[in-house]
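Each chain, written out:
6 protein chains.
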Amino acid sequence: DFIHALENDVKPAFGTSNEAIERFYSTGIMTWGQPLQDLLDDGNLFIQQAKDGEIQRGLVSILLEGSPNAGKTALAAKLALESDFPFVKLCSPEDMVGFTETAKCMQIRKVFDDAYKSTQSCILIDDVEGLLEYGDIGARYSNVVLQALRVLLKKEPPPGKKLLILCTTSRRDVLEQMKLCASFTTVLHVPNLTKPEHLTTVLLNLSENGNSCFTRDEISRISKNISSKRLSVGIKKLLAFIDWTRQMDPKARSSKFLAKLEEEMALL
Amino acid sequence: DFIHALENDVKPAFGTSNEAIERFYSTGIMTWGQPLQDLLDDGNLFIQQAKDGEIQRGLVSILLEGSPNAGKTALAAKLALESDFPFVKLCSPEDMVGFTETAKCMQIRKVFDDAYKSTQSCILIDDVEGLLEYGDIGARYSNVVLQALRVLLKKEPPPGKKLLILCTTSRRDVLEQMKLCASFTTVLHVPNLTKPEHLTTVLLNLSENGNSCFTRDEISRISKNISSKRLSVGIKKLLAFIDWTRQMDPKARSSKFLAKLEEEMALL
Amino acid sequence: DFIHALENDVKPAFGTSNEAIERFYSTGIMTWGQPLQDLLDDGNLFIQQAKDGEIQRGLVSILLEGSPNAGKTALAAKLALESDFPFVKLCSPEDMVGFTETAKCMQIRKVFDDAYKSTQSCILIDDVEGLLEYGDIGARYSNVVLQALRVLLKKEPPPGKKLLILCTTSRRDVLEQMKLCASFTTVLHVPNLTKPEHLTTVLLNLSENGNSCFTRDEISRISKNISSKRLSVGIKKLLAFIDWTRQMDPKARSSKFLAKLEEEMALL
Amino acid sequence: DFIHALENDVKPAFGTSNEAIERFYSTGIMTWGQPLQDLLDDGNLFIQQAKDGEIQRGLVSILLEGSPNAGKTALAAKLALESDFPFVKLCSPEDMVGFTETAKCMQIRKVFDDAYKSTQSCILIDDVEGLLEYGDIGARYSNVVLQALRVLLKKEPPPGKKLLILCTTSRRDVLEQMKLCASFTTVLHVPNLTKPEHLTTVLLNLSENGNSCFTRDEISRISKNISSKRLSVGIKKLLAFIDWTRQMDPKARSSKFLAKLEEEMALL
Amino acid sequence: DFIHALENDVKPAFGTSNEAIERFYSTGIMTWGQPLQDLLDDGNLFIQQAKDGEIQRGLVSILLEGSPNAGKTALAAKLALESDFPFVKLCSPEDMVGFTETAKCMQIRKVFDDAYKSTQSCILIDDVEGLLEYGDIGARYSNVVLQALRVLLKKEPPPGKKLLILCTTSRRDVLEQMKLCASFTTVLHVPNLTKPEHLTTVLLNLSENGNSCFTRDEISRISKNISSKRLSVGIKKLLAFIDWTRQMDPKARSSKFLAKLEEEMALL
Amino acid sequence: DFIHALENDVKPAFGTSNEAIERFYSTGIMTWGQPLQDLLDDGNLFIQQAKDGEIQRGLVSILLEGSPNAGKTALAAKLALESDFPFVKLCSPEDMVGFTETAKCMQIRKVFDDAYKSTQSCILIDDVEGLLEYGDIGARYSNVVLQALRVLLKKEPPPGKKLLILCTTSRRDVLEQMKLCASFTTVLHVPNLTKPEHLTTVLLNLSENGNSCFTRDEISRISKNISSKRLSVGIKKLLAFIDWTRQMDPKARSSKFLAKLEEEMALL
Ligand SMILES: Nc1ncnc2c1ncn2[C@@H]1O[C@H](COP(=O)(O)OP(=O)(O)OP(=O)(O)O)[C@@H](O)[C@H]1O
Ligand SMILES: Nc1ncnc2c1ncn2[C@@H]1O[C@H](COP(=O)(O)OP(=O)(O)OP(=O)(O)O)[C@@H](O)[C@H]1O
Ligand SMILES: Nc1ncnc2c1ncn2[C@@H]1O[C@H](COP(=O)(O)OP(=O)(O)OP(=O)(O)O)[C@@H](O)[C@H]1O
Ligand SMILES: Nc1ncnc2c1ncn2[C@@H]1O[C@H](COP(=O)(O)OP(=O)(O)OP(=O)(O)O)[C@@H](O)[C@H]1O
Ligand SMILES: Nc1ncnc2c1ncn2[C@@H]1O[C@H](COP(=O)(O)OP(=O)(O)OP(=O)(O)O)[C@@H](O)[C@H]1O
Ligand SMILES: Nc1ncnc2c1ncn2[C@@H]1O[C@H](COP(=O)(O)OP(=O)(O)OP(=O)(O)O)[C@@H](O)[C@H]1O
Ligand SMILES: [Mg+2]
Ligand SMILES: [Mg+2]
Ligand SMILES: [Mg+2]
Ligand SMILES: [Mg+2]
Ligand SMILES: [Mg+2]
Ligand SMILES: [Mg+2]
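Protein chains in written order, with the working numbering: chain A, 1 to 268; chain B, 1 to 268; chain C, 1 to 268; chain D, 1 to 268; chain E, 1 to 268; chain F, 1 to 268.
For reference, chain A alone in the conformation it holds in the complex (with noise of 0.2 Å):
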């Protein structure tokens, strides 16, 4: 029966590790420009008014929304290991790959139950919109999912518990859309690279760490090529970007590494 199924069917196999949250940025956290650093800034501000023990009210949670590939499950994976909390709880799609919508809802219902238990907690949950099951065409989602998330996100932990959520997301209108952004505390954006001097600020670091193949020369003319044009790029793709240049003649690399930008309409 119901109450059984939720206390015995959802097996403890879906813990998480810190480790496993690392590996979300294990190739590490570049700081490439203000507006990363404003982010990560007032993320952290977040967390510590989340711990202050003095405010009576233990919950805080965090929208941090962008577009794919911007960086955002890395800097919150960041976000939440860096926030000190003892205990650190993983929700993503990726784990529940298959489940029917109920279960996914009570994996997510278990996951708020131990963080209650928790002096202090903090709950990871990636990909807010794969949770959702949101299909585009049709609009189709769970609303099981959405009806559980919207009371989450808002319930007070027991008193004299503190609750930080983090959240992601790429469908900040879908959300909207759902009256799910107001459920959060605040929502905070994540910068895509726009300016020349992000983008060169990625390739000297590589360069200078061994791991890209651009030469210096090659970053100049990079960076002269597109100081007049209109840049956005999420730092995962460009990543990718640099990574499939490594594959090619030095010759071509260069004015290849700038078409594909074009091509993928990261420059305009």
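Worth flagging that the hints you see were computed from the coordinates, not collected in a lab.
Quick caveat: nothing in here was measured; it's all calculated off a predicted structure.
Incorrect hints may have been included.
Okay, derived cross-link-like pairs now, BS3-like style, lysine-lysine, Cα gap no bigger than 25 Å in a straight line [to be verified]:
| hint | chain 1 | residue 1 | chain 2 | residue 2 |
| --- | --- | --- | --- | --- |
| 1 | D | 260 | C | 155 |
| 2 | C | 161 | C | 51 |
| 3 | F | 229 | E | 51 |
| 4 | B | 110 | B | 51 |
| 5 | C | 51 | D | 110 |
| 6 | E | 161 | E | 78 |
| 7 | C | 51 | C | 117 |
| 8 | D | 154 | E | 260 |
| 9 | F | 117 | E | 154 |
| 10 | D | 110 | D | 154 |
| 11 | E | 51 | F | 155 |
Label pairs and their calculated CB-CB ranges [said to hold, decoys possible]:
| hint | chain 1 | residue 1 | chain 2 | residue 2 | range |
| --- | --- | --- | --- | --- | --- |
| 12 | F | 37 | A | 114 | 39 to 49 Å |
| 13 | B | 230 | A | 114 | 55 to 65 Å |
| 14 | F | 252 | E | 216 | 20 to 30 Å |
| 15 | F | 116 | D | 114 | 54 to 64 Å |
Think of the CB as a built atom: it goes at the ideal place given N, C-alpha and C, for glycine as much as any other residue.
Knowing the structure of chain A, use the given hints to seat chains B, C, D, E and F with the ligands on it.
For chains B, C, D, E and F with the ligands alone, kept in the frame of chain A given last:
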């Protein structure tokens, strides 16, 4: 089978003590202005009527509606507990995360069935749109729960018994469309703070109790600043903003507080 | 299996005694004016016809439709009990909260199957749109129940048996769309109070019986006040307003009563 | 499992004797005019064809369509019984209240499977739109039943066997949309009474048999009254109006009868 | 469980012998004109190709599409049996009345799995839109069956095996919308009779065989009569009309026959 | 229960050997022109990248999209097998006919779970829109499968492991609407034959290998004939046309071949 499930499957685990209900306003109810006072007076008048032994009809049902964060739940909890009804029962989506709509329905029904057994009962139904599982995209909802509420909100308790029902919602529009508002004895509006003096009252009150971070000087500066603007903010949001400014450098905090109010569209 | 479920699963727990039906008009039926009298006369004529042994057809079905609070249920109950049919059976959504549509359907079917066994039976189906689980958003309803009603409202009882069906609804519009109105022998309108003298009759009547709070002076003042306005109020709502004014200061009550009527759109 | 269910789950409880079918026209079939006579002639011609042993095709299917109360079921029953087919089987939603669509489908299939075993069979399917569970709001229906009918109405009986199918509907429009009309050998229209003489024939006929309440004088007055108006009324409705006037004061009854005809839109 | 059900639940009860398929054209195939002859030639050419051992691809699939009553099923059956493929299997909604969509799907799958085991197989899928459970109102269909057909119509048999698939449909429009037509090797049109000489050929042929009721004189009168009109009638409908005229008075029958053709929109 | 089902219910019956994958291009891959060569070069470059041990990210996913019959499956199979990845796994709707969406989802998940265990794996997902059960009428699809693919196509394999994913689709438009294209590392277009020389290359190649029926003369006549027309035909369709002409009279075949190309809209 059906009858059996009804009686046995839903465990008394969901019983709510008065302490649980008190927690909804554990940080207190601040009387920040006349609109709030009027609401409390009205509410109490209806509660008096619900207890009046000379009236034959045994049912009074009140819908408290207001924008998110207006303080609806806290006020409903306060009215319920101060009604001095010996039996106060809570129905909240917070306690039914992951329930099927049938389980929700059975739970609601059980609360009413229990209430019918007492001479004087009070039922607090928090977040009606949450119970109804209303999802904005595609206007989804649980028709099973709607039909149950539709009937139970109008059903007279057995002869000689008294029943007070207190509901809260931030989606009056949705309940109107469902023609559910008409099922209540009365609909009361929970107001936002809309005048500078409402805000000042709150800030001074906190400062006097040593809870707030703003000095009297800052308070009068804030007050002057907003005197010409239109304000509309819920008490819960306001208290959260104040908490947030506590983490900040005293120099910046009053202007950051005002900026935050504007960002959240609370000031226009 | 199916047949078994049909015969065994629905317990006689739902049997209704005449006292249960009487309770629907335990506060009495006040004859406040001619429209009401006409309705009662018409209703009684049809009941007479339903009992007429010389007519071969054994079925008379009546739909009582009117706005919410018009007194539909009370009048249907009164007609049913005064019909002097030995077997009166109630079908009401109030007794089926949380039932699946199949269970509702089986319950309805059982009531009819039982009725077919008596020589003279009367079935009272209260709140037809509730039985049909009509939800305005998305126009949802139980097609299973609709199909059952559609057939049972037209099905002749066995040869020599008489069946009187009394239904109530406040959603004639919905039943028309479902083409269900055409299945009744006749549709009777339950009127609201629409003339000043209707209202005065009620107030005087209550005052004479020592139940109301208004003095004869107040009554004539109220009467004068509304003489030029258009009135439309259901008897249940009106009696509730009067109850409500009992909690008030005698000086304010008559004007508050009129204000409430206006607020509820009953006066235009 | 499936096959098993098909063969065992649907009990022979639904067998129909000829007496059951006779009851559909137990009050008799009155020949009120030429349109009705034409229909009966046509119907009989098709039945003759269905029995003609020299024709190789073994299937004749007839759809009797007309407005509600036109007398469709009574006429179909009469044609079925007078066909002198040894095996007559009834399929009616009246006998399947509360069945799932699968159970309905199985029941229909069983009727056909039985029919295929006899040399000459007749199947009467009453109220096809009821079997299809057609609900006007949202145009709902049982596609499972539709697909079954679509196939069974066209399927030839085994070699050497004869099958006559008689169906009734008051929703030809719906069946057309479902492209189901094209599956019948022929579609016959069951007419309403449309001329004054049709009405007079019925009234005189009843009066001669001592069943009606109207005198010959009243009848000629009624006849004169409607001579210039357009009439369209089904025989069942007409007989019900006449029954109804029996409860009245003889002076008022003929004008009340005419008023009722107008109220029901039967006279324009 | 799933795999088990697949292998055990669908009984060989659905096996079809060649006699069953022969029955589809037991009344014979009359060659009434050139369009029909062209179709048969085309069909035979494709069948030859399906058997050609020098071609490596092992799959030929043909869709026979035409209006209702055009003779599609009879022609498909004839082509299938005359193909001389040792294994001919029938898939028809007639044999699956009341099946769930999953059961239908399993049945179809089983037919193909069996076919893959023979060196040369022919599968006849009659009435594809029936298998797909297409319902016009609301454009309902079984996506489960669609997906199965979509894949199976394109799947190559195992190396060295040959598979000929013959399908019939009267809803080419629907299959186009489902993008299913593109899955066939070829789509062949089954023509209606459209010229006076087509009709005359049929009537003379029947008359010669002593099956028809029309004399040579009547036939030439009919022929003259329609010479200036546009004709379009399916062979099955035409044969049914002729059967029908057999019940009539010889004097009236030729004009009634023409009238019926017009009524059915076959003559314009 | 869930976990159990996941691990035990999906049998290894679906394992695919390399021979099974080879069969997709058993008739060979003909290099008919530069567009095809470019595609193969691009594909191989990405495969190289997927194996590059110096790159930390372990995932490369490629979508091969093109019109029906373009040769997508054959090319994907060839790339997969020539990648020299020790573990190549196939996911195809052909092997899942009649599976529930949950079973499909579990099957897909199992393939990925297996792949994560090998150091280097390649997964071939054929006919993605088939897996998604896309039905054009009503735009139906399996959201369960969509959500699984959405996550699995982006999920990194465990640290140190490499995963290459090759998908094919002929409905890029649908995948774009589902925002699934953005989940791939790259999207490669599988071209149709569009220039006369592409066609000539194929015909000559077959003629040299003694497989085709056209003589060199016929080939040059065909080539001349289409030189001024726009051509667009998939290799699979083209090879099928050529097979078809083998059944014909040599005189007619080249013009019939051209006519067929036009009929199929391949020549404009
Ligand atoms: N400044 C940075 N911010 C975020 N990620 C960074 C940064 N610098 C390097 N990275 C690396 O970039 C990658 C970001 O990928 P991540 O999965 O977080 O993106 P995402 O926005 O969540 O993508 P998706 O939209 O697919 O969910 C990680 O591998 C991370 O280690
Ligand atoms: N005058 C007041 N009215 C209501 N709440 C007050 C008041 N003064 C202080 N509070 C505090 O403000 C908070 C109001 O939060 P509450 O949950 O009731 O808001 P809500 O309108 O129900 O929010 P939501 O829309 O999220 O349901 C409580 O913590 C309560 O103690
Ligand atoms: N003339 C009257 N007609 C009907 N009810 C009356 C009359 N006079 C007094 N009453 C009282 O008014 C009340 C009518 O309530 P009732 O439940 O019948 O209304 P209703 O129209 O069914 O309401 P709803 O729309 O909520 O179903 C009853 O308590 C009844 O005793
Ligand atoms: N000429 C007639 N044709 C049909 N019915 C007649 C005729 N004369 C008398 N009757 C009587 O009229 C009644 C016709 O009712 P019947 O149920 O057949 O109508 P119906 O069209 O099927 O109604 P519904 O639309 O409700 O299904 C029967 O009681 C029948 O005995
Ligand atoms: N030339 C012909 N082509 C087809 N059928 C013919 C021909 N001549 C005679 N017939 C007879 O006509 C009938 C055709 O009926 P058939 O069921 O094949 O039509 P259909 O197009 O499949 O109809 P439906 O649209 O109902 O499926 C068969 O009885 C067949 O024996
Ligand atoms: N250059 C080529 N590219 C692809 N296939 C080729 C080529 N040359 C010959 N072939 C053959 O053409 C056929 C291509 O068929 P394939 O099933 O791959 O097409 P497809 O695009 O996947 O079709 P569908 O749209 O039906 O899925 C195979 O039999 C293959 O052996
Ligand atoms: Mg992410
Ligand atoms: Mg609240
Ligand atoms: Mg009522
Ligand atoms: Mg009928
Ligand atoms: Mg056919
Ligand atoms: Mg393919």
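Could you work out which earlier hints the structure fails to respect and list their numbers in ascending sequence?
Structure breaks hints 3, 5, 9, 11, 12, 13, 14.
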